[in-house]
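Chemist: Sequence:
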Amino acid sequence: MRMRVSLLLVVFFVFTQGNFVFAASTNAPKGKAKVTLGEIQRWASISHKLTREYDILVNDIRLGRADVNERMRSLRAYYPYTPYYDPFSKNLLDQMTRYAYTVDTSEDRAAVNDALDKYRELVYNNLAHLDVVSYALTLSRVDVRFGDEFFFRKVRDSIRNSWDGMIYVGTSPDDAYKVITYAEQTYILSTHGAKANEGEIFNVDKQFYDVREIVTEDDESLQLFFDLTTPIRTVQVRQALREKENKITIPLQ
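Those letters in the sequence shown? Residues 61 to 313, by this note's numbering.
A few of these clues could be false.
Said to hold, decoys possible - In the PhoX-like style, the derived pairs of lysine-lysine whose C-alpha atoms are separated by at most 20 Å in a straight line are:
#1 K266 / K94
#2 K304 / K94
#3 K94 / K307
#4 K178 / K150
#5 K266 / K238
It is worth saying that the hints were derived from the structure and are not from the lab.
Keep in mind the model is a prediction, meaning the values are calculated, not measured.
Please build the complete structure, drawing on both the sequences and the hints.
Modeler: Take a look at the structure:
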């Protein structure tokens, strides 16, 4: 048992170290884009519909009724409108690790089953999140209870292939890499063999771009453009929605 626990911890350390080399820029966006009441209302209305669509699509992919490669564009489009969405990785991976640790170490059968249920729910709720799927793939290789290795590899590769076939992608703001999680940006940067660097985020008419000056392993200088509108704007709108709901909540007397 101790060897299993040690292996699990090593897996988490190696995975996170390998995936957080290119951290999201901590620079605040230049310029501010106000969230309007109409935008909040539209987002809330669309969110309910697309969350249902997302849940149905995830279930169809799990059951083999839908091909993940053919439906990945829809999966990534729906995901940011769901309550599960998190553009970052740390909290999600920490939760997965806690559940996995319980599964691996607890002698309480009920606790193990509960942890497995919560682990699977988290993973499938975030099936469009590259780091969640990649970590699920890694854990599935350690213990089959954490899922089907073939399935998670196919989903991971499908997310990674989202930009295949695009001409001049990443070379200008008009052709910027459109990412829905910072894990996708991390992966794209890694494919260029780039050295870690700090980016600069610009706000242009409610669009957010992260511009990276990178140097590849071949000492080639490149400028890459990332469209971070989805992760940044979604967080802003959801925050504004929470503040609106808090203001209209009448405290109990």
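Chemist: Each hint: holds or not?
Modeler: Results of checking the hints against the structure:
1. K266 / K94: 8 Å, holds
2. K304 / K94: 14 Å, holds
3. K94 / K307: Answer holds: K94 to K307 is near 18 Å, not above 20 Å.
4. K178 / K150: 17 Å, holds
5. K266 / K238: 14 Å, holds
Violated hints: none; the structure is consistent with every hint.
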